Structures are given as structure tokens and as C-alpha cells.
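**Q** Protein sequences, first through last, are from chains S and V.
The first sequence: position 264 = 264 (this note's numbering), numbered continuously.
The second sequence: position 333 = 333 (this note's numbering), numbered continuously.
These aren't lab readings, by the way, just hints derived from the structure by calculation.
Only a predicted model underlies this, so the values are computations on that prediction, with no experimental measurement involved.
Take these hints with a grain of salt, some might be off.
The list makes no distinction among identical chains, and a pair is therefore deemed to hold if it is satisfied within one copy or across any two copies.
[What the hints assert, rightly or not] Here are the simulated lysine-lysine pairs, DSBU-like style, with alpha carbons at most 30 angstroms apart:
#: 1; residue 1: Lys292; residue 2: Lys185
#: 2; residue 1: Lys155; residue 2: Lys72
#: 3; residue 1: Lys292; residue 2: Lys278
#: 4; residue 1: Lys276; residue 2: Lys292
#: 5; residue 1: Lys185; residue 2: Lys158
#: 6; residue 1: Lys185; residue 2: Lys276
#: 7; residue 1: Lys158; residue 2: Lys72
#: 8; residue 1: Lys72; residue 2: Lys56
#: 9; residue 1: Lys278; residue 2: Lys421
#: 10; residue 1: Lys502; residue 2: Lys185
#: 11; residue 1: Lys185; residue 2: Lys278
#: 12; residue 1: Lys502; residue 2: Lys292
2 protein chains.
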Amino acid sequence: MTERPMKFWSWGLEGEGLDAEESNTLLAATGVALGSSEGTALSVPNVEDFDLPIPKVGPPDTLAHLCTSDPKDRLIHSYGKSFADVARAYLRDLPCSPDLIAYPESEQDVANLLEWADGENVAVMPFGGGSSVCGGIEPAVGDGYAGVVTVDMMKLDKVLEIDDISRAARIQAGVYGPALEAQIKPSGYTLRHFPQSFEYSSLGGWIATRSGGHYASVYTHIDDFVESVRTVTPAGIMESRRLPGSGAGPSPDRLIIGSEGAFGVITEAWMRLQHKPKFQSSIGIGFTNFHKAAEAIRTLSQSALFPTNCRLIDANETRNMGAGDGSMSLMVLGFESADHPTDAWMARALEIVDDYGGIYDRDFLTAEGSNKAGAAGAWRNAFIRAPFFREFLVPHGYIMDTFETSITWERFPVFHANIMKATADAILEVTGHPGIVTCRFTHVYPDGPAPYFSFSARSTPEKMIDHWLAIKVAASEAINANAGTITHHHAVGRDHRPWYDKQIPDLFSSAMQGVKSRLDPNGIMNPGIIVDPANRELGYQGMMSTASLP
Amino acid sequence: MTERPMKFWSWGLEGEGLDAEESNTLLAATGVALGSSEGTALSVPNVEDFDLPIPKVGPPDTLAHLCTSDPKDRLIHSYGKSFADVARAYLRDLPCSPDLIAYPESEQDVANLLEWADGENVAVMPFGGGSSVCGGIEPAVGDGYAGVVTVDMMKLDKVLEIDDISRAARIQAGVYGPALEAQIKPSGYTLRHFPQSFEYSSLGGWIATRSGGHYASVYTHIDDFVESVRTVTPAGIMESRRLPGSGAGPSPDRLIIGSEGAFGVITEAWMRLQHKPKFQSSIGIGFTNFHKAAEAIRTLSQSALFPTNCRLIDANETRNMGAGDGSMSLMVLGFESADHPTDAWMARALEIVDDYGGIYDRDFLTAEGSNKAGAAGAWRNAFIRAPFFREFLVPHGYIMDTFETSITWERFPVFHANIMKATADAILEVTGHPGIVTCRFTHVYPDGPAPYFSFSARSTPEKMIDHWLAIKVAASEAINANAGTITHHHAVGRDHRPWYDKQIPDLFSSAMQGVKSRLDPNGIMNPGIIVDPANRELGYQGMMSTASLP
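With the sequences and hints as input, model every part of the structure.
**A** Okay, structure coming up:
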């Protein structure tokens with residue numbers, strides 16, 4: 001039906017990724033770091049390799065023109081972009097598939113689809129860019145439904161209105177990052193929200209999952225950019241009023257932001273825009289001691305200078321991305337503004353950096369295009385290319401994954417040590433080989449950082465899923481035991497649900513069930529996500545259904 | 001029982017307020033502005049003037065030591081601090097009274113009180129500082145309850161823990177602003193949250209009502225300072241995890257922030273602190289054209305300079321507070337920092353001010369203590385004294401009140417004109433005399449200001465409540481019709497409920513009822529507030545029960 005050129009088994013479009021030289025270099029470097037792979041590499045999967053079950057449900061005549069059961073469409077909507085997704089695709093291990101994919105062309109189409117699904121007990125999976133790395137779009141809904149329809153919002157991709165005075169735009173939820181930016185750029189604006197998934201994720205997905213942009217401080221979360229939001233629920237349409245701020249009761253927007261499709265389908269939002277930055281400066285700073293660097297970042301984050309970039313990448317991760325020899329952690333510090341030169345800001349920030357012994361070359365600071373040069377530039381390139389690495393390592397049985405959290409500063413040193421150890425120990429224990437675990441900060445707050453952990457391990461194609469699951473469970477347990485959040489910006493999905501349930505207050509869970517009972521009384525929306533009590537009673541779905549949970 | 005020296009009929013403590021000279025000056029100036037008062041001035045009310053009904057319910061033995069039905073205590077907990085409250089007190093017009101006032105000394109006491117109330121169908125009114133100006137603490141709960149107990153949290157007034165590294169503190173909800181600041185000051189911190197009610201309002205009240213601090217931009221709302229919150233509900237205790245940021249589902253904190261006691265009693269919270277500012281600069285800037293000044297503020301608010309003060313006070317309000325002759329609007333612009341001199345920030349801000357024709361004297365900027373001098377200082381003094389004015393004007397039949405909202409910038413000019421006109425027209429129509437209506441901005445956002453309107457009118461002691469109600473309804477209607485929020489930081493309470501119901505999506509109201517059904521299944525918590533569906537079915541309570549609502 002819709003020719004989505006998206007790879008169903010990995011990140012990006014078909015034909016996109018690393019060239020032969022890049023992938024060989026990556027594979028060789030991984031072999032050096034983790035040991036050579038064992039067994040035969042898996043081949044790239046084809047649609048024909050999969051024996052999709054016959055759809056349990058078909059669309060009514062009135063909606064048939066929006067729907068397809070094409071096998072490729074079904075595969076694209078069966079797998080997210082997590083390690084487990086890529087691994088299962090390479091192994092031709094088919095998770096649950098949607099029976100139907102619908103591509104609504106209007107909000108009314110969405111409402112009609114929900115009305116039909118609600119009447120027929122068909123589960124509805126909202127789908128933005130499909131970039132979930134936590135089982136967010138996997139249609140693992142259990143046995144209680146007549147079928148599953150995935151509602152892919154890609155055709156609702158327009159910026160409908162731009163308010164030049166208040167710097168806001170009314171935007172359809174299905175638009176991807178680049179198309180969104182392209183539509184507002186002629187007016188001099190940017191949403192300035194750049195999650196790593198930017199190219200293949202949508203506005204609606206960002207809102208539904210509380211996406212974090214890649215800016216380090218102050219306004220970076222999608223939460224802060226939403227001025228109002230419109231959602232089609234099985235009970236009807238809910239739209240909040242456009243307001244710059246309000247103190248009238250609990251925020252209606254904050255109920256929808258992070259709801260992961262459990263209450264309805266976000267169709268559009270008024271989003272706060274920014275002027276395109278005119279002034280930019282960025283610099284890479286080395287630290288011989290990771291925790292000293294973290295102290296510097298803490299001071300910076302408490303200074304109210306609000307750097308736009310303030311990352312910390314530990315020494316091993318810095319080396320892994322080709323920006324060092326492993327002896328120094330890297331801080332990437334940047335300021336930008338559409339209004340004013342940022343010299344005074346950077347000057348003060350560098351005074352703080354000096355206080356903590358940061359090492360840097362001022363020449364990089366003043367160079368034109370400095371934010372794309374030097375260590376900071378190397379980091380930026382690695383950041384953009386990273387999502388493509390996985391598909392070249394997974395077929396050889398290498399596990400590579402990331403997880404992210406946040407924690408207050410006073411607990412960070414112990415937290416960091418415990419998470420690093422728990423993950424490394426789990427890798428060694430389950431695979432029999434030492435792995436690599438690294439840490440960076442993606443966001444910093446006055447009261448704590450958002451640490452992002454990357455790990456890689458040598459396994460085999462046959463065992464890699466079981467190994468990954470055991471490591472994932474161990475890392476998630478460690479995060480929960482050390483009082484972090486199970487996700488800072490990747491969302492909960494199905495994979496994080498067991499720890500989300502431990503993290504949130506039971507009464508909040510009950511409160512969200514109360515919300516669900518009003519907005520989605522028959523429980524057709526994204527079953528298993530966030531609030532579905534059945535998950536607690538019947539066991540977790542998706543990857544976690546096969547995990548050995550503590 | 002507890003000797004609260006608080007005036008039950010007005011703002012502040014007994015004995016506090018204006019001296020004879022100040023009040024005579026105020027009265028004379030008001031007479032010049034609005035015309036001399038008619039009729040006999042009302043006398044200051046005494047407890048003995050009120051014939052309180054016999055309490056319908058008494059405490060069980062186990063809770064008796066926490067409770068009182070002392071008449072003065074009951075009066076203090078019968079009236080908030082709105083115009084209507086002061087007027088009714090002077091007129092000896094007693095609104096609903098609580099049967100009991102409980103002063104819990106621990107969280108367990110709160111839990112025990114709720115358990116008893118839940119079992120006996122007694123309505124529970126949480127009470128912080130009692131500074132509500134919108135019927136938030138008035139026990140107008142209808143006829144469906146065995147009685148009403150007001151739970152006054154004043155004894156839970158301790159800072160329990162300070163985290164020096166993450167700059168956060170665990171604080172009991174009953175603490176008032178000054179006591180809170182006094183307890184964290186020795187550690188070099190401030191919560192830096194200064195609502196106008198600061199002296200007589202509590203942390204729990206700020207959280208429950210989504211209080212706005214008096215800082216103009218970026219982190220100023222209590223919403224942003226809450227790191228985690230703990231609430232006793234009839235269904236049990238709900239506490240969120242301390243996290244600097246999280247993307248795990250809808251925010252549990254944001255459900256409680258703004259819930260106005262409808263779900264439970266907030267007992268404590270981890271709050272983000274700030275270092276005490278070391279660098280401060282502030283200046284008053286005149287503008288001959290209000291809307292030109294608003295344009296300047298819009299540009300400032302979109303500059304990401306994040307001024308700590310960025311108010312705009314229209315020409316009439318500037319004159320009323322003694323800082324001008326009525327020919328110029330006043331912008332109060334300030335920066336402060338605990339970390340760095342703010343020269344570069346102020347310099348760029350003044351360039352923007354220059355672009356819009358702002359008039360100012362640079363000498364004030366550099367003067368020591370400049371934030372307390374000049375027009376900015378005059379405004380600051382008026383701001384702090386203003387809550388005391390009302391009790392000296394109300395007995396003479398003068399109406400003075402304020403209301404506040406927010407609106408996006410592109411709609412502001414028309415919005416402002418419509419609200420000013422609707423309010424002025426209503427005053428003239430109902431009182432027969434022209435009144436005064438002025439406007440200032442209390443907060444500014446990149447996408448819009450928070451306009452704060454003040455009005456005063458000449459009425460008579462006999463008619464002032466009816467007159468006020470008609471003006472209040474007209475102003476509220478105008479705000480709603482022009483798509484503003486019915487409150488930006490004063491809260492909803494009972495007085496704003498009819499327009500809150502129009503403002504929020506019906507499905508959000510339903511969702512909040514779903515929450516209520518889980519956290520407060522028997523509906524004992526602050527009936528009539530925010531989510532109580534009975535209000536829609538049975539009519540509004542409090543002042544609005546006598547209003548002629550459109």
C-alpha cells in the first residue's frame with residue numbers, strides 16, 4: 001500500500017547506512033575490542049523469509065481505502081529499533097504482528113478508525129516513526145482482542161499554521177523531524193528539538209514518549225515546547241487551550257505528554273518555536289578524572305548559564321568514537337543564541353571549567369564552524385552515525401545497546417559505580433566474556449544529570465537475545481535499586497514496564513487506570529502500555545514476557 | 001486551641017497593616033479617584049459578632065487532641081482573603097463554616113484524620129496559609145456531608161533535610177514562606193519562590209495551587225521547583241521518586257501540582273533550591289506607549305536572556321502606586337545571579353529596550369541596592385503593601401480586586417482591549433460610576449504574557465458584594481470568551497470554577513474524575529474543587545452559587 005522504504009529490520013531507509021569500508025572498519029574494531037565473532041553471520045532478512053499469520057481482522061468497507069495487510073507493511077510495524085528488534089529480525093524471529101496497518105489521511109479518519117476498533121474489540125497501536133527502542137510499537141497485546149490495527153500517522157505531516165508573533169505553530173502529529181523543520185524554516189524558525197531519532201521520528205511520537213532533545217539544559221524536553229495538544233480518544237476528542245502558562249488545575253497537556261498512546265492518538269499540537277540561532281560557540285574539554293568533570297558539570301548546571309550543550313562522555317566512550325586515546329573524559333560545551341553573542345556566557349563557563357582542571361584549546365573556540373570541528377565535532381558525527389552501527393554488528397552476534405536514566409547529583413558517584421558494575425558483571429556472567437560499558441550525560445539539571453549508558457558484548461547469533469535479555473534485566477534492576485528512573489527519554493514501552501511499575505507510586509498507577517477508564521473505557525488503546533492493569537495481573541508482554549524477572 | 005493571631009476578616013496578623021496616617025492617605029486618594037464614599041463605614045468585626053452554627057460533627061476521642069471548634073478558629077477558616085471574603089466579614093455575613101479545625105502534628109495524624117473523615121462522610125478542607133482569593137478554603141461543600149473538618153497544616157512546618165550537593169530540601173508542606181527561607185538560609189540557599197502571599201502562604205498551598213513566584217521568566221513556577229511530592233489521600237499515601245528529570249509516563253508530580261486538595265493533603269515535598277543571588281541589577285524604564293512596551297517585553301522574553309524581573313505596569317497603575325504621573329507605563333527589568341555578574345545580560349536587554357524607545361536613567365542601574373531604589377523600588381514597596389489596602393477601603397464600600405490570566409502574544413492587544421472594556425463597562429453599569437481598571441504583566445513567556453488586572457470601584461457597603469459579583473462574572477466571561485485562562489496563578493477555587501469548566505476539555509474533566517474515583521473514592525476531599533462532578537450537576541457552591549451565570 002504505502003511504499004515505506006524503511007528497513008523493517010534496522011534503522012533508516014533501505015540503502016542507507018554504512019558503506020562496505022565503514023562497516024568493515026567497525027567490525028574489525030569491534031573484534032579487537034570484544035574478541036572475534038563466532039559462528040556464521042546472519043544474512044540480511046527479506047520479507048519473504050517471514051511466514052506472517054493470516055490477519056485475524058479486516059477493515060470495514062468504509063475504512064478499507066486507508067488500510068493494508070501487505071506483508072512488508074506488517075513487518076515494518078512489527079519491529080521497533082531496539083537491539084532485540086534487530087536481532088529478532090535477523091533471526092527471522094517474528095514477534096507479534098499487526099493484522100492491519102491504517103494510514104489515516106485526516107483526523108476524522110483517525111476518529112473513524114478508533115470508533116470501528118472500539119466497537120469490534122480491535123487493539124489500536126499508534127505509530128509515529130517506529131523508532132521505539134523499548135517495545136513501544138510492538139503489538140504484543142495478549143489474547144483478549146479480535147485483532148490489532150497499527151495506526152501509522154505518516155500522512156498527517158503538515159505544519160498547518162504559523163504564529164509569527166507568539167512563535168508557535170500548529171503541526172500535525174505524523175510529521176517527521178526533517179519535514180517539520182523544512183516547513184517552518186522559511187519563516188526563520190526551528191522547533192530546536194533534535195532527539196537522536198530526529199530523522200525517523202514524529203512530533204506525535206515525541207509528545208507521546210516525553211522525548212528529550214539533544215540540548216543539554218533549560219528548554220529541551222518536548223514537554224516544554226507543547227503549547228496545546230489535540231488527541232483523539234475512544235471517548236472523543238480532547239484539545240487543550242493554547243496558553244503560554246496556566247495555573248488552572250493540573251495541566252491537561254501533562255496528562256497526554258508521556259501517555260504513549262494509552263489514552264488515544266495525538267493528532268496535532270501547537271508547538272513553541274525558536275528563532276534559528278545566529279551565534280554559536282562550542283568547545284571540547286578534556287578531563288583526566290570523570291568525577292571531577294561531573295563536578296564541573298554540576299557547577300555549570302547550577303550556574304543558570306544554561307549552556308545549549310553540556311555533555312560529558314567518559315574516557316572509554318570518547319575513545320570508542322574516535323576522539324581520544326582513552327585517557328581523558330570529554331566535555332562538550334556549547335552556547336548558542338538567536339539574539340546575542342554568547343561570549344560572556346562561554347567566558348564564565350570556561351572559568352568554571354578551569355576551576356575543575358579542564359583541558360582545552362582556545363583556538364577551537366574562536367574558529368568558524370567550531371561546533372563541527374575538533375573533539376566536539378567528532379562526537380557530533382558519531383552521535384548521528386551511531387544508530388546505523390547496530391545492523392552491522394548484530395548479524396555477527398555482537399550485542400550493542402544503550403539505556404538511560406537520571407539521578408540526583410548527591411547519589412551520582414555511587415549510582416554510576418553500581419550501574420557500571422552491575423552491567424559489566426552481567427555481561428561477563430551471561431556471555432562468559434568481558435564487555436564494554438561506558439557512560440555519558442545527555443542532559444544536565446541543577447539537581448542531577450541524565451546518565452546514558454552504552455554497552456557492547458560478544459555473544460553468538462544463537463544466544464544473543466537471551467544474553468541481551470539477562471543483561472537488560474540486570475541493568476534495569478540496578479537502576480531501580482539505586483533509585484534512578486527506568487527511562488529519562490527513551491520511554492517505557494513494553495520493555496521497561498516491570499521497572500516502571502516499581503518506580504511509580506501504586507496510587508499513581510491506580511489514578512492512571514482511572515483516567516484510562518474514562519478516555520478508553522474498553523481498553524483498546526495500546527494495551528500493555530503505562531496503565532494497563534492487565535499487565536500486572538496476566539504478566540508482561542513483549543520481550544519481557546520471556547525474561548526472568550526478579 | 002491554637003492561638004493564630006491571624007485576622008479572620010482580612011490580610012495579615014492582628015495589629016498589622018497600615019497606620020492611621022497611611023490609611024487616611026489611602027482613603028483620601030481613593031475618594032479623589034473614585035468619588036467619596038457613601039453611607040456609614042462598617043466597623044472592624046469581632047468574633048462575638050458572629051452567630052456560628054453548632055458544629056454538626058465532633059472528633060473521635062483518638063483525634064480530639066488535634067481538633068478545636070473554637071469560634072475564632074472557625075472564623076479564620078471560614079473566610080479566605082478575596083474581596084468577597086473581606087466584604088462578607090465586615091458585613092457579618094457568615095459563609096459556610098467548618099465544624100472542626102484539626103491541627104495535625106504529623107503525617108500519621110493527617111492519615112488518621114482522613115481515615116476517620118472517610119468513614120464518617122465528613123468533608124475535608126486542606127488549609128495552608130488561608131490566603132486563597134478564589135474561594136479555595138471556603139467550606140461550601142453542599143448538603144451531602146455529615147460535617148466539615150478543615151485540616152490546618154501549620155504545625156508541619158519543618159525543613160527536614162537539606163541536600164547540599166543537589167541543592168534540594170525535603171520540606172513539610174505546612175511551612176510558611178518566611179519560616180521556610182529562615183531554615184534554609186544558614187546553608188546559603190533560597191527557594192527563590194516569592195508569591196505576593198509569601199508571608200502568609202505555605203509550601204503545600206503553593207504546590208496545590210500552582211503558585212507563580214514573582215520572578216518573571218524561566219524557573220519561577222512552583223511546578224518547576226518540585227522534585228518530588230508526598231500526598232496523603234483517602235486511598236493511602238502517594239509519593240513520587242526524587243528525580244531531576246524523567247520521561248517515564250505522564251508525570252506523577254504534575255497530577256498533584258494544581259490539584260487544590262481534591263485528591264488528598266500534600267504533606268511534604270523535595271524542593272529544588274537556589275543559591276542566594278550575589279549579583280543583582282534592576283532598573284525602571286518608562287514607555288509612552290503601553291503596547292510598544294509590550295512589544296519590547298515580547299522581544300525580551302524571546303531572547304533567552306531570562307531576566308529575573310520583567311514586569312510591565314500600565315500608566316495608570318504606575319501612577320496609582322506613586323511612581324509616575326500617569327503618562328508613562330513602567331517596565332521593571334532586573335537580572336540576578338549567584339554565579340556571575342549580569343552586566344552582559346542587562347546590556348543586551350537595554351539594547352532591546354532602546355529599540356522600542358524605552359526611557360531610563362542609567363545612573364539607577366549602577367547604584368548600590370538599585371533594585372530597591374527608583375521606580376523599581378517604588379513598585380516593589382507597593383507590591384508588598386498592597387494586600388493590606390483592602391481592609392481600609394472595603395468598610396467604606398469601595399470595591400478593589402484583581403484577576404489574572406495569560407494569553408499568547410498575537411492575541412494580546414485585542415485581548416487586553418476587550419478585558420479592559422468589559423471590566424470598565426461592567427463597573428459603570430452595575431455601580432453607576434466609572435471605575436479604574438489597570439493592567440500589569442506578572443510573568444512573561446516566549447509565547448505570551450500573564451496579564452494581571454486590578455480594578456476598583458465606588459459602591460456602598462450594602463451593595464458592594466452584589467456589585468462585585470456582577471463585575472467578577474463579567475470579567476471572567478470576557479477572559480473566557482477571549483480564550484485566556486481563568487487563572488494563571490491564583491488557582492481555581494470555587495469562584496473560578498464555572499469558567500474553569502468551560503476552559504478545560506470535557507474529557508480532561510472526565511479523566512480527573514477518573515483519578516478522583518481512585519484516590520478519593522468517597523469524594524470527601526475538598527468537595528466542589530476542580531473535579532467534583534456534583535458541581536456541574538447540582539450548581540456551583542460558594543460565591544458563585546448566588547451569581548447570575550451566563
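**Q** Within a copy, between copies, both or neither: which one fits Lys185 and Lys276 at a CA-CA cutoff of 30 angstroms?
**A** This pair counts as within: shortest intra-copy Cα distance 8 angstroms, inter-copy 41 angstroms.
**Q** For Lys278 vs Lys421, is the C-alpha pair at or below 30 angstroms within one copy, between two copies, both, or neither?
**A** neither (43 angstroms within a copy, 41 angstroms between copies)
**Q** At 30 angstroms max between alpha carbons, let me know whether Lys155 reaches Lys72 within a copy, between copies, both or neither.
**A** within (18 angstroms within a copy, 65 angstroms between copies)
**Q** Using 30 angstroms as the alpha-carbon threshold, which applies to Lys292 and Lys278: within, between, both, or neither?
**A** between (32 angstroms within a copy, 25 angstroms between copies)
**Q** Is it within, between, both, or neither for Lys158 and Lys72, if the alpha carbons may be no more than 30 angstroms apart?
**A** Close inside one copy (25 angstroms), not across copies (62 angstroms); limit 30 angstroms.
**Q** With 30 angstroms as the alpha-carbon cut-off, assign the pair Lys502 and Lys292 to within, between, both or neither.
**A** Neither, since 32 angstroms and 53 angstroms both go past 30 angstroms.
**Q** Given identical chains, is Lys292 near Lys185, meaning Cα to Cα at most 30 angstroms, within a copy, between copies, both, or neither?
**A** between (40 angstroms within a copy, 27 angstroms between copies)
**Q** For the identical chains here, do Lys502 and Lys185 meet the 30 angstroms Cα criterion within one copy, between copies, both, or neither?
**A** neither (43 angstroms within a copy, 36 angstroms between copies)
**Q** At 30 angstroms max between alpha carbons, let me know whether Lys276 reaches Lys292 within a copy, between copies, both or neither.
**A** between (34 angstroms within a copy, 24 angstroms between copies)
**Q** Could you place Lys72 and Lys56 in one of the four classes (within, between, both, neither) given a Cα distance threshold of 30 angstroms?
**A** Within one copy, since 17 angstroms is at most 30 angstroms while 70 angstroms is not.
**Q** Go through the copies and call it for Lys185 and Lys278: within, between, both or neither, with a Cα cutoff of 30 angstroms.
**A** within (14 angstroms within a copy, 40 angstroms between copies)
**Q** Please sort Lys185 with Lys158 into within, between, both or neither, judging by C-alpha distance up to 30 angstroms.
**A** Result: close within a single copy only, 13 angstroms intra versus 51 angstroms inter.
Checked against the numbered hints given earlier, the structure breaks hints 9, 10 and 12 and satisfies all the rest.
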